[in-house]
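Undergrad: Sequence lines, in order, name chains A and B.
The opening residue of the first sequence carries number 338 in my numbering; numbering runs sequentially from there.
The opening residue of the second sequence carries number 2 in my numbering; numbering runs sequentially from there.
It is possible that some hints are incorrect.
To be verified - Which chain A residues face chain B? A few, computed with CB under 10 Å, are given here:
1) 450
2) 628
3) 632
4) 635
5) 664
Just so you know, the hints here were simulated from the structure itself, not pulled from any lab data.
None of the values given here were measured: they were computed from a predicted structure.
Where a beta carbon is used, it is the ideal one built from N, C-alpha and C, also for glycine.
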Amino acid sequence: MTTTKTFNYSHTVGFLAATGRGFTNPVDLAINSQDVIYVINRAGPETPIRLPSKRVTMCNLNEDWFGDFGTGGKGDGQFWWPSAIIIDSDDQVYVADEALQRISVFNKDGEFLRKWGTKGSESGQLEYPSSMAFDADENLWLTDSGNHRVQKFTKDGQFISGWGERGSGSGQFEGPWGLALGQGGDVYISDWGNDRIQRYTEDGVVIEEFGGLSGGNPIHRPAGLTVDSDGNIYVADWGNEKVKILASDGSLLATLRGESVDSKWAADYFAVNPEEGQLRNEADLFPELDPPARRDREISAGVEGYFWGPTAVKLDDKGNIYVADSLRHRLQIYKAN
Amino acid sequence: MPDNELGLIAHLLRRAGFGGTLKELEEYQAKGYEATVEELLHPEDIPEWNDDLVRRYQPDQNSVMYFESAQSYAMYKMINSNRLLEEKISLFWHGLFATAYGKLNHAKGVLNQTDTFRRHGLGSFHDILMELSRDPAMIFWLDNKDNHKNAPNENYGRELLELFSMGIGNYSEDDVKNCARAFTGWTIANAEYMSNRASRDSIWPSGRIDWQFEYRPEDHDETDKDFLGRRGNFNGEDIIDIIAMRPATSWFISGKLYNYFVSDTANEEATAFLAEEYRKSGGNIRSMLRALFLSDYFKSEAVWYDKIKSPAELVVGTARLAGSYKTPQSNITNLASDANFMGQEILNPPTVEGWHTGMEWVDTGTLVERVNSSALVIGNTLQPGVQDMIQRLKDRQKSYQPNELVDACLLLLGNLDVSEITHDRLTEFAANYGEVKFSPEDSIACSEQQVVELLQLMLATREYQMA
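Chain A on its own, in the form it takes in the complex (with noise of 0.2 Å):
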């Protein structure tokens, strides 16, 4: 199907605070049937003084922080490594840990409910669970990326079924990040470490893949993805500092670089700092660069508003997409129209 769709910025959400209201390395996020916004702090590195960092963040789309819960640490209702982080439909929220190997749940309101996932390679068992999703039974589908294969639990752990080897060939993987569901019940996978995404049946049977470097517009290093109803996909070309919009035959649609300005926290933080804000006002923050070595990497490095380690693309209902900036603590908001 062809869309006519197009993707504009809207506006930014958040910027950088160890604590409290903002963000650290925002990695991936989910909205609740109340439209909160759950944002999952990594943060790091894991010295005593950083590990408060680690939480998760509850915001609106509008910036109204609602607090956040977690914190640093390996005991209950504490991250090491969060990675991913999804709602079921009584709004609980599920929060996988690529270093405690387990997944753990919470109420809406933030409150450790329970913990499940062990670490090996047996059915069943996790290694680095990279990205989550529901399909329409809720059972709860994950990238065990350090086993190389794809699982699916229900939803309160127990093993249904499971795919995938290591390797390059059709069917296998190499470190696979981001999963999402098709409304048709396509499995999609970001097959991180061979650059490109496959298209799965529920049942793993090889649909078909694409965004290989070798391609007229070559991914590299794929992170989180989503799937919209028309069966563009979304997904975080984190290697090459981009995200891309896939039409559901693998042809580019849209390829944004990020254009962020302040956030609303961001403008308070100015509202306060004033001779830094007029600085920085007049300073060129969108310079032409040529860096001697890895460009688009230093490229983000050196100029603030495009992406930087994008890790994850949501959607909702209305229209928005949503960017995990992950190494510019923000979510980067676009408009489908």
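With chain A fixed as given, assemble chain B onto it according to the hints.
TA: Leaving out everything else, chain B in the frame of chain A:
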């Protein structure tokens, strides 16, 4: 072939790298010494370390906003890169052109500078000085952003002559002033905003922003300048052209290279030899190092174990030996901290003069830290490098007498050559175990533990702490 070619290659890898595992030594021995030298001199022919996994799992080390993240990333790179000499030459320039996080509040700026040293560090000294003069961290560190046409700041101009090229006594105060005037207008983009952020240590709203070099012609002094006996409307490039051709510069850089790669004790004859190579090669660092590594000044057994390992060399070398940190690990920050406690904060040298090396690396406190840190890393039997050493022992013999075990373990630690008295003490220690057996099965765990304890003791020896 020299009698002790394996020993010579081990010496080369300790100086041009961080020491080698026995497997690496054997591979290089098969190629031969001269071929090994040539391979080390051409790191561009060796694939770069793929850091994608670290950047994916530890995003703080992708942006390196925090100092400890940048230090940890630097450790990962030195441990995992197969471009050994590229790492060592970057560390050399980092020590010589010492630029510290403490003033900049911009860890990635210093890290980017060390990357510049990787790219250009084996090229011509002229080009290295050019890159240095354009490096944003250096511009910030020595205040060249404050060096204006109508208000010169001499800081960079002075250190360029005194600490970075010729050394004191080879120029006048007027040369310093005119050197500074030639570098007016060499600044960073958005200098005022970036200075404000740095002074406030501001990371808001979206983390650090990489600095970029910018030349502002309207702020450059276009009048004539007298410099080292020449007169003209010099810009920074002209100054570097002049500096790079001075005999004092060739002598200066030769002495620094000899000290770093050969001995903590200066050698005038060897320095003159290198200075001549500087002249012949147009100041090409690769050519100078080739001449050095193939010379008797370097190969002589008299200079083996004649240098005290810097903390970075010790920590990185031990981690490489143990096969540690091949994949992302949260505790990489501890490794950087260990080097800090030993007196070498990577990316944060104490002053513009860099670190004081040689005997100054060791005092009663740092010695304990050096021994404990090394022992901790090699004592982890889960590390692949340690497992590999134990497996090699098992494959070679099923049991070892104390003397045999000591010799075998010294070989596994990169052909470590210890004094007779050290060897005797190690053998006495190993004798406490009696015969160490890897058969029957129920004796293996105990034997492995004994081997690891012996390895830990060996890392405490004078010889292991030296390069």
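Undergrad: Compare the structure with each hint and give your call.
TA: Here is what the structure says about each hint:
no. : hint : result
1   : 450  : violated, 26 Å
2   : 628  : holds, 8 Å
3   : 632  : violated, 13 Å
4   : 635  : holds, 7 Å
5   : 664  : holds, 4 Å
Checked against the numbered hints given earlier, this structure breaks hints 1 and 3; the rest are met.
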